[in-house]
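With chain A's structure known, arrange chain B on it following the hints.
Chains as they are written, first to last, in our numbering: chain A, 456 to 654; chain B, 456 to 654.
Keep in mind that the hints were calculated from the coordinates and are not lab data. There could be a bad hint or two in this list.
Since the list gives no way to pick out one identical chain from another, each pair is judged satisfied if it fits inside one copy or across any two copies.
[Stated by the list, open to error] Here are the simulated SDA-like pairs of lysine to any residue, each with C-alpha atoms no more than 25 Å apart in a straight line:
#, residue 1, residue 2
1, Lys508, Pro538
2, Lys508, Glu529
3, Lys508, Val634
4, Lys583, Ser636
5, Lys508, Leu487
Just so you know, these numbers come straight off a predicted model, no measurement behind them.
Protein chains: 2
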Amino acid sequence: MPKRVDHEERRGTIAEALWRIACERGLDGASLRDVAAEAGISLGQLQHYFASKDEMLVFALGHISELATRRVTERLRALPAAPAPREVLRETVAEILPLDEASRTGNLVQIAYFVRALHDERLRAHAKEGIPALRAFFAGQVREGMARGEIAADRDPDAEAMLLIALADGLTSHTLLDVCSPEEALRLLDAHLERLFTR
Amino acid sequence: MPKRVDHEERRGTIAEALWRIACERGLDGASLRDVAAEAGISLGQLQHYFASKDEMLVFALGHISELATRRVTERLRALPAAPAPREVLRETVAEILPLDEASRTGNLVQIAYFVRALHDERLRAHAKEGIPALRAFFAGQVREGMARGEIAADRDPDAEAMLLIALADGLTSHTLLDVCSPEEALRLLDAHLERLFTR
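The following block holds chain A by itself, in its conformation from the complex (with noise of 0.2 Å):
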């Protein structure tokens, strides 16, 4: 199926010219346009696939969480066969953080979709969509951490996972804005679960 192949090469072209523009100068009063001339196609040729700038985020953000998932994957592959909790918490809240020029690009596209979800109800379902399962994968650790000692037994493991998020979350803000370095934000998020971890 050639044709089914071309859509998704257009698709994927028009959501890399997206990247490019939130990453040079946010979508802050972005068109169609403008994404259109980016990635080189007449604006027509756009709302064939996108009929607006939110469904067209919707995508980009689909993709960028697919590209981060597979990010994530990777990593935790590359560890020694059944890493330990506190292992798996440090590399993946690591492949969330702006670290790189991939991971940034992401966080510039997904806090461009979080402002729009504020104030849109629906666009706020789908910007809450993967926060329940990363808590529960989280949690899921920090239980591990606790069944084999690692973790006090008082803690609760869903609000550490939130709080988990939450930190994460912060540090990229603050490493988007150059208040933190890489290297500082990586420092504090070993300090959070120095306290977590008790060995």
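Structure of chain B alone, referenced to chain A:
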């Protein structure tokens, strides 16, 4: 000097119009003309005070941070004389979190500004301005906690301060998105402080 009072009043009216727009639909795409219409003045009148959207945002941010500082100060004054560092930290972060409408509005304007600052070095300098002062204030409280034997002596006050700021920011995003309720955000803050303070 009645003229001066008029000017300040007018600036205040404009800032309030900007806040209403930020709250209702965000500043993404909101023009000077939109803000003038919301404030019930002409575009020309508005431009007498602010030549650009960014100038207006800088002013609105300054106002917000003044109001926030005043709220924190009042809140700390309401505590018993010489409050413990733990209480000071809790009350200050609680005042930053979007737990009520005023603070929610302030946070929305700050986020709109933050997103623009990501792509503009000059604005970024402004956005980062308040952080060293807040960080120094938090680090001072942590040091005080250590001196009182309430925080383990091996903690790094500066790192703990930045962790608290990052956590406050992350909890803010998740409260604005309705991932956390205001009550849950407070509970998570308490869980974090519970681990920082040994007694």
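Going through the hints against the structure:
Proximity of Lys508 to Pro538 under the C-alpha cut-off of 25 Å is found in neither arrangement, the shortest distances being 41 Å within a copy and 50 Å between copies. Neither within a single protomer nor between protomers do Lys508 and Glu529 lie at most 25 Å apart by alpha-carbon distance, with minima of 31 Å and 43 Å respectively. For the identical chains of this complex, Lys508 and Val634 are inter-copy neighbours only, at 24 Å across copies versus 31 Å inside a copy, given an alpha-carbon limit of 25 Å. Taking identical chains as interchangeable, the C-alpha atoms of Lys583 and Ser636 lie at most 25 Å apart only when they sit on different chains, with a minimum of 13 Å there against 27 Å within one chain.
In this assembly of identical chains, Lys508 and Leu487 lie within 25 Å of each other by CA distance both inside one copy and across copies; the values are 6 Å within and 22 Å between.
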